[in-house]
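Undergrad: Residue numbers (this note's numbering), protein chains in the order written: chain S, 1 to 346; chain E, 1 to 346; chain B, 1 to 346; chain W, 1 to 346.
Just so you know, these hints were derived from the structure itself, not from any lab. Every residue, glycine too, gets a C-beta built ideally from N, C-alpha and C. Misleading hints may appear alongside valid ones.
As the list claims (entries may be wrong) - Simulated restraints, written as ranges between beta carbons of each label pair: (1) S:Tyr278 to W:Glu172: 53 to 63 angstroms; (2) E:Ala226 to W:Gln32: 40 to 50 angstroms; (3) E:Asp11 to B:His320: 31 to 41 angstroms.
Said to hold, decoys possible - Partial chain E-side listing against chain W, Cβ under 8 angstroms, derived: (4) Val4; (5) Lys6; (6) Val7; (7) Ser9; (8) Ser31; (9) Ser135; (10) Val157; (11) Thr244.
4 protein chains.
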Amino acid sequence: MIVVMKVGSGDKEIAGVVKRIESAGLKAHVSQGVERTIIGVVGQIFPELEGMLEMLSGVDEVIRVSKPYKLSSREFHPLDTTVKVGGITIGGKEIVVMAGPCAVESEQQLLETARAVKAAGATILRGGAFKPSTSPYHFRGLGEPGLELLAQVKKEVGLPVITEVMSSSEVELVARYADILQIGARNMQNFNLLEEVGKTGKPVMLKRGLSATVQEWLLAAEYVLAQGNEQLMLCERGIRTFETYTRNTMDISVIPIIEKVSHLPIIADPSHGTGKWYLVIPMALAAVAAGADGIMVEVHPNPDLALKDGAQSLTFANFHQLMSQLKSVAEAVGRRLANPSIKVKS
Amino acid sequence: MIVVMKVGSGDKEIAGVVKRIESAGLKAHVSQGVERTIIGVVGQIFPELEGMLEMLSGVDEVIRVSKPYKLSSREFHPLDTTVKVGGITIGGKEIVVMAGPCAVESEQQLLETARAVKAAGATILRGGAFKPSTSPYHFRGLGEPGLELLAQVKKEVGLPVITEVMSSSEVELVARYADILQIGARNMQNFNLLEEVGKTGKPVMLKRGLSATVQEWLLAAEYVLAQGNEQLMLCERGIRTFETYTRNTMDISVIPIIEKVSHLPIIADPSHGTGKWYLVIPMALAAVAAGADGIMVEVHPNPDLALKDGAQSLTFANFHQLMSQLKSVAEAVGRRLANPSIKVKS
Amino acid sequence: MIVVMKVGSGDKEIAGVVKRIESAGLKAHVSQGVERTIIGVVGQIFPELEGMLEMLSGVDEVIRVSKPYKLSSREFHPLDTTVKVGGITIGGKEIVVMAGPCAVESEQQLLETARAVKAAGATILRGGAFKPSTSPYHFRGLGEPGLELLAQVKKEVGLPVITEVMSSSEVELVARYADILQIGARNMQNFNLLEEVGKTGKPVMLKRGLSATVQEWLLAAEYVLAQGNEQLMLCERGIRTFETYTRNTMDISVIPIIEKVSHLPIIADPSHGTGKWYLVIPMALAAVAAGADGIMVEVHPNPDLALKDGAQSLTFANFHQLMSQLKSVAEAVGRRLANPSIKVKS
Amino acid sequence: MIVVMKVGSGDKEIAGVVKRIESAGLKAHVSQGVERTIIGVVGQIFPELEGMLEMLSGVDEVIRVSKPYKLSSREFHPLDTTVKVGGITIGGKEIVVMAGPCAVESEQQLLETARAVKAAGATILRGGAFKPSTSPYHFRGLGEPGLELLAQVKKEVGLPVITEVMSSSEVELVARYADILQIGARNMQNFNLLEEVGKTGKPVMLKRGLSATVQEWLLAAEYVLAQGNEQLMLCERGIRTFETYTRNTMDISVIPIIEKVSHLPIIADPSHGTGKWYLVIPMALAAVAAGADGIMVEVHPNPDLALKDGAQSLTFANFHQLMSQLKSVAEAVGRRLANPSIKVKS
């Protein structure tokens with residue numbers, strides 16, 4: 001931590017800062033510059049110190065130099081983390097494809113979709129039973145019956161299942177059915193929920209909040225990891241910007257950034273990331289070209305009849321085309337699609 | 001709802017859209033323009049229709065013309081809502097001041113602050129027992145003992161209490177102690193939590209999410225109102241923008257906007273809205289000049305020792321100065337500060 | 001400037017950084033922390049150094065501690081700057097009101113508006129002769145004939161004139177007619193133009209760019225000041241955010257920020273800042289409550305017939321109401337409206 | 001254009017809107033909905049009408065349904081535009097690579113870089129002679145001598161040259177030396193400059209402004225096209241968002257969006273788009289996977305000695321690696337790198 005003094009701050013003010021640092025059991029290194037004095041703080045810094053030093057007389061700015069996240073940081077954990085689900089390894093050389101409807105609507109819809117995406121090469125089945133909805137008047141998912149359908153179709157088709165959990169009181173329920181617990185963007189800073197999914201020990205996928213910085217996202221990840229659960233992956237799904245053409249702006253650059261600063265696998269969701277089905281294929285290809293460990297896409301038998309997010313869902317034919325192009329791009333960057341034919345324990 | 005067809009879309013495509021609209025029991029009004037055809041949809045529109053029509057061949061865009069929020073809308077509820085707390089009316093001619101420490105730290109800190117802010121004219125005591133924290137390693141509040149301190153100090157000093165509730169499982173607990181339940185920015189779209197606080201029937205203050213549009217905020221309010229709880233007020237606390245000088249950018253314009261589009265009272269929180277104590281006074285004055293029904297500010301006996309958000313807390317002297325200037329500005333816009341000397345039932 | 005080394009960087013990497021710093025004629029202060037090594041750079045730092053050090057092996061981050069702006073900074077120029085125009089002082093105790101039509105359309109429109117705003121207490125007449133327009137198909141101003149009308153009406157009504165200059169090739173022309181040269185938001189980083197208006201020695205008002213940080217804005221101001229022209233004021237006119245209800249989000253907090261970090265006067269433009277006439281009055285009041293030295297508002301005899309930006313223009317009656325409320329708020333914060341009855345040299 | 005009336009607006013208000021529409025020589029289609037009345041405007045709408053109608057009594061909102069851009073729109077110009085430079089076609093099946101130093105610093109630096117990038121397969125040489133700089137104290141380019149070096153190196157190495165023009169007064173000068181005139185992000189709405197480069201008839205590359213929406217960008221393109229110059233391409237170079245890890249957030253999704261809504265070629269600049277050299281390769285690959293017609297990257301013999309933007313420049317070795325991976329990704333999406341060995345007329 002570095003304390004930057006104001007231009008013209010005097011000996012008394014510098015002494016005040018030094019005294020406060022030392023009274024916290026830390027060391028102060030004073031360095032007199034041409035314009036200003038800088039005071040380095042050395043020792044085991046506690047988080048509240050920053051705000052405290054900022055308030056002292058003569059202080060212009062306090063700059064933190066260590067990263068506030070540790071467990072999710074590559075500096076402290078250089079080797080890649082991999083997440084294991086139903087015989088598949090996420091975060092290695094293979095690229096996983098999670099596909100399925102936005103919301104589970106009926107047995108037929110789910111079963112038909114699961115069969116189609118598996119036939120086209122998907123590795124994991126996605127489908128929402130509890131759906132966050134901006135408006136209380138919109139479809140909010142089937143709830144537990146939706147979970148039961150997921151479990152049933154998983155068995156019939158042989159694909160592990162990822163589904164969202166929205167509330168800490170539902171973690172136990174959802175964890176009984178799901179192979180991967182998904183935390184949605186709106187819940188990225190629902191800290192109780194993060195701790196609850198951490199405690200399950202089950203694989204977790206943490207979506208980035210709509211306006212979360214990389215640092216905030218990794219601190220949210222830290223809540224899960226701090227519970228001893230390292231089966232964690234991140235998922236970019238678009239951020240909020242001034243652009244209105246798309247629902248969100250998908251931040252592809254965060255993929256190589258996460259790879260650099262963290263050891264956690266990174267997935268990309270171009271369906272939510274763009275909100276428009278005709279952008280899903282190019283953005284899925286871009287994500288894999290940029291280094292993503294997998295993609296998550298919405299597929300629906302009849303997008304124009306979908307109860308949720310039809311405009312961003314692929315048809316079976318579109319999904320088939322995506323998989324064929326994705327295979328080529330994956331190979332162009334030295335990777336390959338995960339083999340979906342591995343057995344899933346029911 | 002209006003369907004805008006692509007330039008050059010033909011009779012067949014128009015007929016397809018009309019057919020879909022009619023099959024949903026609605027009427028279609030086709031209007032041929034110079035460049036494009038527009039199709040108006042008349043009838044009881046259901047929310048999923050928008051996405052469905054967007055997918056049809058020849059459609060360029062679907063535009064919603066009715067507002068998705070109803071209960072919070074001034075169009076459907078022209079008269080101002082007022083919230084009643086401990087003999088005070090929020091949303092009328094009087095301006096309320098909610099003041100206190102960011103986090104409850106100790107009996108002494110809370111009691112001393114409560115006495116100081118009451119003496120200076122505050123109407124409501126704020127203080128966090130459960131604190132959201134970006135990092136799992138920071139101070140996260142005293143929990144229930146913090147609530148007990150709030151209740152005790154409320155009795156001793158005679159100020160109603162507002163405090164945050166972060167999880168649906170804690171609503172009952174917090175509601176036992178608090179006069180107003182606060183929903184924080186990070187939980188603005190925690191829909192389960194919104195419904196739970198709605199069910200209590202207690203006054204609720206809903207903070208705007210960091211990247212929430214006016215429409216999303218009012219839809220979140222709709223979740224509370226839909227439970228039959230009309231004792232609801234909104235609170236602007238800064239939005240996320242590209243500017244890094246401040247922690248957030250406080251959106252003063254949303255105050256007159258809310259007044260125009262909604263009947264709910266609107267409070268401003270310049271402490272979180274700016275993150276810097278020296279901006280709190282000018283921004284509090286600006287908020288009241290722009291029409292805010294109240295302000296919420298953080299006050300601490302020793303901001304440089306605060307366990308949370310010291311850099312944005314006012315000292316007692318600063319708060320005293322704020323109240324004096326606020327009085328003048330309130331009167332300049334034809335309002336007055338609420339009288340804090342009303343008895344609070346313990 | 002501070003160089004933060006990566007966790008685990010070794011002696012060789014530290015020596016490399018020290019060597020580079022010393023080879024640039026500067027001193028390096030190495031400080032070994034618990035986690036990382038930090039190297040302070042002391043001496044006359046040149047701007048390219050930051051990028052150069054960032055590239056060296058073992059470097060995690062380079063942090064600049066001195067502000068890149070000097071001439072516009074309050075640290076180096078503690079006393080307030082005032083701008084003098086036609087007997088009026090901007091940046092002192094008095095608050096100036098610049099009012100008039102967005103675009104000059106005709107002699108009658110301009111004359112009628114000038115008389116009305118002067119009668120209501122405006123101090124300066126605004127009106128665009130050269131208008132930036134997002135679309136090439138929209139009205140782009142009368143050009144030189146517009147300037148002539150401004151000069152003529154200035155003489156008849158007795159108000160100094162502010163008008164925009166959009167291109168360095170037109171600076172001389174516009175400077176012949178205008179009392180204050182306005183640089184629009186889209187040109188905030190048109191560096192040639194900034195230098196040209198700097199050279200005229202005339203008062204300049206520099207609007208903030210739509211996505212300009214405080215630092216970038218002050219660096220743009222630096223281009224004008226570096227030409228020896230200190231008759232400079234800044235103008236907040238809304239920034240671009242995710243919110244779509246308003247055209248821009250007016251950043252009221254930047255008013256006290258500029259007052260803190262700079263000595264230049266700060267004006268607020270709620271017409272462009274919001275894009276909606278019914279938000280202009282509350283936002284003008286808020287700006288003055290927050291410490292603005294003046295406001296700029298659009299007024300039109302018939303906003304519903306305006307060729308440009310009618311939706312954000314006040315009628316004469318609205319403007320009259322604004323002035324009356326503004327007077328009260330100005331006095332509430334210890335200031336007063338500038339007296340407009342001072343003679344203007346024609 | 002559609003006028004949405006307020007809930008509860010009456011016959012008199014509707015009649016007022018209809019009258020105004022008809023008095024402008026247009027037709028009004030009134031459509032009575034369940035909640036509100038909607039009035040469609042049919043005929044040759046002029047741009048000022050929107051603001052005028054918004055002001056009328058009873059009007060809630062005016063919605064434009066035709067796109068304001070025409071010449072750049074794919075709806076009105078379905079076939080792809082291609083730009084021809086020195087025997088190369090941009091916007092067809094081949095992908096062009098523009099590479100070179102951020103700023104021209106010396107003959108040796110430019111010549112060495114040009115030879116290295118040509119050897120690695122670049123098709124066009126980039127290099128700035130006039131450099132926009134946020135601060136007046138930073139390096140701002142060599143000016144005309146820089147242009148002369150570009151011309152000389154072009155001859156010696158045989159690569160066409162792209163360079164930025166910053167001011168309308170320098171268009172003629174720069175056009176004498178450059179094969180492609182680049183308009184930088186800060187000048188995207190410098191309308192005089194856009195018209196001047198339009199008039200030259202030379203190929204133009206228009207970068208997206210830091211906070212420009214797709215629509216504003218295409219309207220800026222319209223300024224060039226309206227001069228009869230169709231040799232125009234667009235370039236994404238990162239937008240401003242809340243994220244601070246990168247200098248900008250590169251919007252890869254705008255690549256397929258431009259392809260959908262416009263016929264103009266689209267180039268991606270991952271050097272400015274990210275500001276960090278280690279993100280350039282993954283983002284260049286992502287851009288091509290998403291459909292970009294070319295990329296522009298900064299290459300420097302010694303990035304750690306660069307006078308400008310060293311931190312985002314590739315070394316020769318990095319560039320070589322990029323070209324090899326780019327070739328694979330281009331082929332994976334059915335395209336190929338442009339052949340650089342074509343002769344350039346000097």
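Undergrad: Each hint needs a verdict: does it hold in this structure or not?
TA: Consistency of the hints with the structure:
Under the hint 53 to 63 angstroms, the C-beta atoms of Tyr278 (chain S) and Glu172 (chain W), about 42 angstroms apart, miss the expected range. Under the hint 40 to 50 angstroms, the C-beta atoms of Ala226 (chain E) and Gln32 (chain W), about 28 angstroms apart, miss the expected range. Range check, Asp11 (chain E) to His320 (chain B): about 55 angstroms between beta-carbon atoms, so the 31 to 41 angstroms window is missed. Interface hint at Val4 (chain E): satisfied, since its Cβ lies 5 angstroms from the closest Cβ of chain W, which is below the 8 angstroms cut-off.
With 8 angstroms as the threshold, the beta carbon of Lys6 (chain E) comes within range of chain W, its nearest partner Cβ sitting at about 7 angstroms, so the hint holds. Of the supplied interface hints, the one on Val7 (chain E) holds, with its beta-carbon coming within about 4 angstroms of a beta-carbon of chain W, less than 8 angstroms. Interface hint status for Ser9 (chain E): violated, as the beta-carbon distance to the closest one in chain W is roughly 10 angstroms, over 8 angstroms. Restraint check, Ser31 (chain E) versus chain W: the minimum CB separation of about 5 angstroms is within 8 angstroms; hint holds.
Annotation: Ser135 (chain E) was flagged as interfacial toward chain W, and the flag is violated, the nearest CB pair being 17 angstroms apart, outside 8 angstroms. Taking 8 angstroms as the C-beta cut-off, the interface hint given for Val157 (chain E) is violated, the closest approach to chain W being about 39 angstroms. This hint holds: Thr244 (chain E) has a C-beta 6 angstroms from the nearest C-beta of chain W, less than the 8 angstroms allowed.
Violated hints for the displayed structure, listed by number in ascending order: 1, 2, 3, 7, 9, 10.
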